[in-house]
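**Q** Each protein sequence line maps, in turn, to chains A and G. Following the working numbering, the numbering of the first sequence begins with 101 at its first residue and continues without gaps. Following the working numbering, the numbering of the second sequence begins with 101 at its first residue and continues without gaps.
Hints are computed from structural coordinates only; laboratory data are not their basis. Treat the numbers as computed from the prediction; the structure is a model and nothing was measured. Mixed in with the good hints, there may be bad ones.
For chains that are exact copies, the list does not tell them apart, and a pair is met inside one copy or across any two.
Subject to a maximum C-alpha distance of 27 Å in a straight line, what follows is the list of computed DSS-like cross-link-like pairs (lysine-lysine) [what the hints assert, rightly or not]:
#	residue 1	residue 2
1	Lys-108	Lys-212
2	Lys-473	Lys-157
3	Lys-181	Lys-119
4	Lys-291	Lys-180
5	Lys-441	Lys-291
6	Lys-450	Lys-212
There are 2 protein chains.
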Amino acid sequence: MFASRMAKTPKSFIREILKVTEDPRIISFAGGLPSPDLIDVPGITRAAGQVLAAEGKTALQYSTTEGYLPLRQFIANRYKKRLGLDISPEEILITNGSQQCLDLIGKVFIDKDDNIAIERPGYLGAIQAFSLYEPQFHPVILHEDGPDLSMLTDVLEKYRPKLFYGVPNSQNPSGITYSAERRREVAAVLKGTGTFFVEDDAYGELNFSGISLPSIREYLPGQTIITGSFSKILAPGMRLGWIVAPMDVMEQIIIAKQASDLHSNYLCQRIAYEYFSHTDLDSHIRTIRSTYGNRCRLMQDLIREQFPESIRCTRPEGGMFVWVTLPDGISSMDVFDEAIKEQVAVLPGKPFFIDGGGDNTLRINFSNSSEEKIREGIERLARVIRRLGIS
Amino acid sequence: MFASRMAKTPKSFIREILKVTEDPRIISFAGGLPSPDLIDVPGITRAAGQVLAAEGKTALQYSTTEGYLPLRQFIANRYKKRLGLDISPEEILITNGSQQCLDLIGKVFIDKDDNIAIERPGYLGAIQAFSLYEPQFHPVILHEDGPDLSMLTDVLEKYRPKLFYGVPNSQNPSGITYSAERRREVAAVLKGTGTFFVEDDAYGELNFSGISLPSIREYLPGQTIITGSFSKILAPGMRLGWIVAPMDVMEQIIIAKQASDLHSNYLCQRIAYEYFSHTDLDSHIRTIRSTYGNRCRLMQDLIREQFPESIRCTRPEGGMFVWVTLPDGISSMDVFDEAIKEQVAVLPGKPFFIDGGGDNTLRINFSNSSEEKIREGIERLARVIRRLGIS
Chain A
101 MFASRMAKTP
111 KSFIREILKV
121 TEDPRIISFA
131 GGLPSPDLID
141 VPGITRAAGQ
151 VLAAEGKTAL
161 QYSTTEGYLP
171 LRQFIANRYK
181 KRLGLDISPE
191 EILITNGSQQ
201 CLDLIGKVFI
211 DKDDNIAIER
221 PGYLGAIQAF
231 SLYEPQFHPV
241 ILHEDGPDLS
251 MLTDVLEKYR
261 PKLFYGVPNS
271 QNPSGITYSA
281 ERRREVAAVL
291 KGTGTFFVED
301 DAYGELNFSG
311 ISLPSIREYL
321 PGQTIITGSF
331 SKILAPGMRL
341 GWIVAPMDVM
351 EQIIIAKQAS
361 DLHSNYLCQR
371 IAYEYFSHTD
381 LDSHIRTIRS
391 TYGNRCRLMQ
401 DLIREQFPES
411 IRCTRPEGGM
421 FVWVTLPDGI
431 SSMDVFDEAI
441 KEQVAVLPGK
451 PFFIDGGGDN
461 TLRINFSNSS
471 EEKIREGIER
481 LARVIRRLGI
491 S
Chain G
101 MFASRMAKTP
111 KSFIREILKV
121 TEDPRIISFA
131 GGLPSPDLID
141 VPGITRAAGQ
151 VLAAEGKTAL
161 QYSTTEGYLP
171 LRQFIANRYK
181 KRLGLDISPE
191 EILITNGSQQ
201 CLDLIGKVFI
211 DKDDNIAIER
221 PGYLGAIQAF
231 SLYEPQFHPV
241 ILHEDGPDLS
251 MLTDVLEKYR
261 PKLFYGVPNS
271 QNPSGITYSA
281 ERRREVAAVL
291 KGTGTFFVED
301 DAYGELNFSG
311 ISLPSIREYL
321 PGQTIITGSF
331 SKILAPGMRL
341 GWIVAPMDVM
351 EQIIIAKQAS
361 DLHSNYLCQR
371 IAYEYFSHTD
381 LDSHIRTIRS
391 TYGNRCRLMQ
401 DLIREQFPES
411 IRCTRPEGGM
421 FVWVTLPDGI
431 SSMDVFDEAI
441 KEQVAVLPGK
451 PFFIDGGGDN
461 TLRINFSNSS
471 EEKIREGIER
481 LARVIRRLGI
491 S
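Please work from the sequences and hints to get the whole structure.
**A** As structure tokens, then:
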């Protein structure tokens with residue numbers, strides 16, 4: 101009855117887990133939500149009132165598929181200021197959150213059994229979105245400084261993938277950031293191949309140091325597609341993201357976007373632009389960086405203090421997640437099950453591995469818990485780990 | 101470089117035409133916009149203020165894939181009240197406008213070369229959305245009282261299509277409404293086949309008489325998928341629609357929706373629910389019906405008065421469009437080109453015919469023009485028709 105693609109899409113494991121964690125007594129490190137205290141409700145309320153008062157009839161009417169031009173110009177200007185990138189508003193289309201970018205890329209590029217390369221571990225949302233277009237996935241292992249270059253070279257030569265999908269800044273799930281050198285190397289390896297780099301940059305503004313590393317687009321302008329998100333710096337509930345692509349790709353994306361949902365929520369596009377026009381966004385983002393940086397460092401310190409040395413964890417420089425590797429042979433599903441009994445939730449890492457493995461990995465979110473909850477939650481986790489006899 | 105599906109998607113002809121009509125001196129009957137004067141800006145402003153004041157942090161955070169439960173309950177209650185249908189909120193998912201329903205249905209059902217049946221002429225948005233999943237389309241001719249039953253029976257027997265897509269109320273583009281009898285007959289023909297009826301009900305609330313005919317779901321509950329839209333009764337710019345499907349289908353739609361964009365704009369879902377909770381929606385819809393009914397009758401009267409008898413036009417009982425058939429051999433593209441010179445725009449009907457034909461048809465929108473503009477626009481069109489020597 102259903103299309104064959106539906107059988108190939110991984111069951112929504114995170115969805116099921118998040119249901120378990122809805123109990124308010126549970127301290128949840130399982131999700132990936134920004135802190136609600138860092139959403140500027142008064143500022144957004146003011147912007148909404150202003151848009152509806154001044155331009156209500158227009159803001160509530162149908163609009164263009166590409167999105168509100170001043171908002172796209174604002175995004176282009178920010179790329180120039182933050183990364184020195186020259187991007188025209190015509191190369192930018194507003195999406196229904198950055199997840200929709202992945203669906204549009206899948207639609208535009210992927211025929212059944214086409215090859216695509218993806219980091220290992222890889223972002224689950226991308227695995228789900230691309231799976232609906234039935235590609236063959238080829239994993240490229242992620243080290244502390246970025247993708248394994250010889251594995252990437254092999255995959256490119258052997259499979260000539262249409263896309264290589266990666267998250268160079270504070271990757272989900274691992275928290276890893278590509279080094280400046282590795283960015284140049286990845287671009288050099290891709291240059292002249294038929295492979296587009298899909299640079300998912302959901303966390304690019306959330307680097308704790310405030311120092312941005314270059315986008316791959318700087319080295320590969322005609323071969324890079326960037327996806328961006330307002331969910332982490334404005335508000336996820338407004339579902340606003342964007343995609344940046346060279347014009348020949350953008351023409352196809354516009355057709356796919358129109359067929360998918362005509363255009364993104366126009367009222368919220370107008371509110372977002374009005375908000376950014378009257379807000380010191382840099383100052384707001386500094387507050388987010390400092391809050392998340394403190395939570396991240398606290399969580400890492402507590403893990404190193406209270407967990408045995410056999411448990412390793414990454415040292416993220418930004419983003420929202422710490423990635424924990426348990427000793428070989430220990431199942432993170434067992435840790436999840438025991439942790440729920442102690443009313444703390446973590447996310448087993450297995451679904452992020454498209455070729456199996458990762459049974460002993462965990463993703464732990466720090467952005468959505470106060471420092472007090474992080475202290476209490478890590479203590480509970482430490483008890484679970486002792487009880488499981490991990491040493 | 102691109103997926104093969106992109107080559108199969110019809111060029112966005114309407115998009116190109118609407119660009120031509122952006123000139124404010126042009127009276128445009130080409131688009132499909134609701135009247136901006138019937139968008140309740142003060143009511144929506146009040147609702148937005150209320151939601152942001154009372155629940156801002158929640159309304160701006162991530163939410164569930166299915167959508168805001170009270171809004172889904174509201175939709176279910178309205179089906180009960182308006183059509184006597186028993187639909188549970190679990191059978192309803194909130195989409196990014198009703199166009200997204202068509203994309204989700206394509207994702208969940210259509211494998212490459214699967215057969216699907218569609219009205220002739222058929223809604224262009226559906227043709228575009230489904231084309232991305234590369235089906236074989238089989239047209240079923242639409243008469244004044246609904247689809248041709250023997251053609252439908254033949255298509256079902258010969259091709260066993262997965263879906264039959266139709267718009268029983270005030271179809272786009274033809275304005276045709278299925279008679280009560282034809283609804284029962286269509287359901288009877290479909291019953292027991294493996295074919296789902298996709299009932300696009302974007303205009304169900306816009307019947308001028310206020311008397312609703314039954315949904316096909318009444319006769320085929322397990323075999324009908326309904327798509328609905330708030331664009332015509334609330335505001336298109338909020339991009340809110342919904343899909344109703346039996347639970348086994350809904351489970352697949354939830355997976356497809358999550359992979360596509362996680363969930364629909366939550367802020368606007370909350371604003372819509374708040375708005376409906378404090379608005380006399382029936383009274384608002386009566387105003388819309390009466391305004392559109394007057395515009396539609398005026399347009400038909402003027403067409404019959406000023407156009408030669410050889411030009412036929414449908415008698416819509418609702419919706420937003422009149423459908424005009426020119427004498428054989430007259431090209432509506434010629435009418436379009438000449439009409440633009442007179443600063444009036446109409447939409448040639450050809451793209452609505454998936455198997456060719458329709459060169460002598462035109463779709464004319466009445467919802468987005470005042471009675472004054474309708475008078476002036478039809479006069480200009482009558483001049484064009486005289487100049488082209490149509491008699």
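**Q** State the violated hints by number, sorted upward, taking the hints as numbered earlier in the document.
**A** Numbers 3 and 5, in rising order.
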